[in-house]
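Protein chains: 2
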Amino acid sequence: MTPTPAPFLPQRAGFASGATTPRAFLEACLERLAAWEPRVGAFTFTAVDSARAAADASTARWKAGRPLSAIDGMPSGIKDIIDTDDMPTQMGSPLFEGYRPRFSAASAQALRDAGAVILGKTVTTEFASTQPRGTRNPWSLDRTPGGSSSGSAAAVAAGMVSGALGTQVVGSIIRPSGFCGVHGYKPSVGGINRGGSLDYLSQSTTGTIGASLGDTWAMARAVAGLVGGDPGCAGLDGPVEPPAAIRPARLALLQTAGWPLLHAQGRGALQGALARLRAAGVEILTSDTTPALAALEDATAEALAITMGINAWEWRWPLAGFVARDRGGISPSSLERFEQQGRMSRAEYAALLGRREAARRAHAALAARCDAMVSVTAPGAAPVGLGYTGNPIFVVPGSMLGCPVVTLPALASEGLPLGLQLLGAKDGDAALFGVAAWVEAALAG
Amino acid sequence: MTPTPAPFLPQRAGFASGATTPRAFLEACLERLAAWEPRVGAFTFTAVDSARAAADASTARWKAGRPLSAIDGMPSGIKDIIDTDDMPTQMGSPLFEGYRPRFSAASAQALRDAGAVILGKTVTTEFASTQPRGTRNPWSLDRTPGGSSSGSAAAVAAGMVSGALGTQVVGSIIRPSGFCGVHGYKPSVGGINRGGSLDYLSQSTTGTIGASLGDTWAMARAVAGLVGGDPGCAGLDGPVEPPAAIRPARLALLQTAGWPLLHAQGRGALQGALARLRAAGVEILTSDTTPALAALEDATAEALAITMGINAWEWRWPLAGFVARDRGGISPSSLERFEQQGRMSRAEYAALLGRREAARRAHAALAARCDAMVSVTAPGAAPVGLGYTGNPIFVVPGSMLGCPVVTLPALASEGLPLGLQLLGAKDGDAALFGVAAWVEAALAG
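As they're listed, the protein sequences go chains A and B. According to the numbering used here, the first sequence is numbered sequentially starting from 1. According to the numbering used here, the second sequence is numbered sequentially starting from 1001.
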């Protein structure tokens, strides 16, 4: 049984004509839920009855020619660190077992207000950090789906939903999307209002995982259109429908600190993709001939250490409160982070912020000289085992830079999915989607 | 009965020598609580038993020579939009009646961890916005104490606590501090971690109201020392003990848009204070001879409209969720704000952010040329009546600029307190306290 995502956007013509309905589309998702969920474990909570009611309401709106948004009727999941007033929100932690928030997070509220059909809450690692919570990769059940948005990626990969909300501060959207062979989108920092979600670290971003590139855009754009970006940020902007494909003139190959770890098959797949892009007229910049790219590679060489230090400091609260409440309910990896922050000083944190800012300046300088950066999402296929969500070395630069990132399920390594990652200019999300649409078509053609 | 604040810092010598104890100091506060609280209504919840236990624990620490911090034993209040895991957190709204958060906010957790004696939760206007919740001004019971940190200011003024946490996005710390004749401190934006507090708007800041200038510093600094600033900000820094007085060379008189409204008595009091400062050798800059100050006055002329627009947009979530849940439980003023945000576009919001940024640049240019800006906290004494928390026109520039602000109870108008406001350079909080200490001494001398 091969996992097959269920793109939503193409369904809408049928909804409009009456050839099919959101309810019928949901039922197909529910069939895949029945088939896959017992083996994959993508959800912490499902709400089949309320999803059917929401799909019926959407069906009526489409019939009346009045859908609420571009994603009205879209079967959706919500990562379980995002508060929902009608479903438990358990943060991947026993400390939040059965927790029922009074109000929904901004993104969850917006998804419902946009008419999406919310099927349930998807598994997150503990506090969206590193401790996995058992979800399996639909492509290979003995492997991790990646994390921390583990359930969102697995549910989309298996076609149980068309899209799901995720969050990323290290690699939590792009990494699992790559391992599960689906599309992932991490907006520019501040692009989507994080209110009511546990992902309030300074480089954390709410984003989407979808069955198609367009699904990731439409879902994110619908949410931002209703609740905006983070306070102080104008928020994600651009067309409501996915941006049209635009051929890039120049793509910069970002050879991250993880480059030496890249599996020969993944490297071969990437090189093949780059050759096709070159053949289609795209110039591929590399650091040996592009000083601005070399400078960025230098500035992001320690992206993982810088990010983990920043995160550790910013987790001092609430982690101290969690530990005080129930130390035994905290995973060893979180306890280790708790110890790490206790050893940090304000000056060290400030220095890390300075290094991040320098890297962002280096990226801005490069971004003015190319249409996007290109990379892979991991050193290879998802690792075997459920105890580790995979190496974030390829995805952490995009998080630290605060730039928009998408991943396309365009590569393979070891016979399993590997994502082709595209990174855009800060707040150039719509332009990045235009490039990504072109790249996807060029590689598929 | 004249309200008399109860400064904490001078008590510590007695705690150290054994001449007095935190428990004895708390009991004196409790006597004032018994005398004042029935008439003032500063608290939504008091925890006398646990405060006594905390004071006893502090007493033991002082006896052992091991206080936890500079504020170990300080009787304290916490504004009721700040989550506390051991007391209700009701947000000044019936929608949160009896709400018990699972975990404490960063600032509340830090206050407890610093050894402060937390006496209770102080009254806030609805959602820290404009609808008052009945607290009276201890100086004149038929008048507002100001808002939104109404209870924090009133409790400190009447000596029921030595300090209290407040929050400010328009004027919610400095305005009530001025009206109640106490010291208030709004840190630079980002200075104190706002995690777990409802004040997540982009120019909102957690701060302190205290019985002395030093109390406001020591409380804020102790909190920031434990939980840092907002994610992405290095956070409040400086000495643990209040900075020593430093004579300013130049102070800039900020004549805000509210200037024509200033009561003749308030104006006279300010002019008297400026004359004393001039006599002590301080140059007072005014906009007619200082172009950078004139530029800042221009850039902040519409500070109130800009701020209210930014806030309205940023309140779209969660206000939409509140209204959907219980429209009847929302005040008319909040409903009006809800309508306002519905009429705004992302482009309008982005334009307001741009204007705020321009004002911040104008302030940075001026701040390089003077030691602080000086102004008053309101057009005059607290207005009669409990339905309106007072005109924010003098305090909103400091909020919009994101700069540190302190107010000294150094002026009077109409026989009641009026605050002398000092505004410093962004992240120059400690330097501002040095100036404020000198100014306070110069005016008292």
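Bear in mind the hints are in silico, worked out from the structure with no lab data behind them. Errors might be hidden in some of the hints.
Stated by the list, open to error - Some but not every residue of chain B turned toward chain A, in silico, with C-beta under 8 angstroms:
1. Thr1002
2. Tyr1099
3. Phe1103
4. Leu1201
5. Val1227
6. Gly1228
7. Asp1237
8. Arg1316
9. Trp1317
10. Gly1321
11. Val1323
12. Gly1342
13. Ser1345
14. Arg1346
15. Glu1357
Said to hold, decoys possible - Okay, the calculated bits of chain A under chain B, using three or more residues with CB under 8 angstroms as the criterion:
16. 77-89
17. 374-382
Being a predicted model, the structure only gives us computed values, none of them experimental. We put the CB at the ideal spot given by N, CA and C, even for glycine.
So, going through the hints one by one against the coordinates:
1. Thr1002: This interface hint is violated because 39 angstroms lies over the 8 angstroms limit.
2. Tyr1099: 7 angstroms, holds
3. Phe1103: 5 angstroms, holds
4. Leu1201: With Cβ-Cβ at 5 angstroms, under 8 angstroms, it holds.
5. Val1227: 4 angstroms, holds
6. Gly1228: Nearest chain A Cβ about 6 angstroms off; hint holds.
7. Asp1237: Hint holds; Asp1237 (chain B) Cβ to chain A Cβ min 6 angstroms, cut 8 angstroms.
8. Arg1316: It holds, given that the least Cβ distance between Arg1316 (chain B) and chain A is near 6 angstroms, below 8 angstroms.
9. Trp1317: 4 angstroms, holds
10. Gly1321: 5 angstroms, holds
11. Val1323: 11 angstroms, violated
12. Gly1342: Since the shortest Cβ distance to chain A is 11 angstroms, the answer is violated.
13. Ser1345: This interface hint is violated because 11 angstroms lies over the 8 angstroms limit.
14. Arg1346: With Cβ-Cβ at 6 angstroms, under 8 angstroms, it holds.
15. Glu1357: 10 angstroms, violated
16. 77-89: violated (count 1)
17. 374-382: The restraint on the region 374-382 of chain A is violated, since only 0 of its residues have a Cβ under 8 angstroms from chain B and three are required.
Of the numbered hints listed earlier, those contradicted by the structure are 1, 11, 12, 13, 15, 16, 17.
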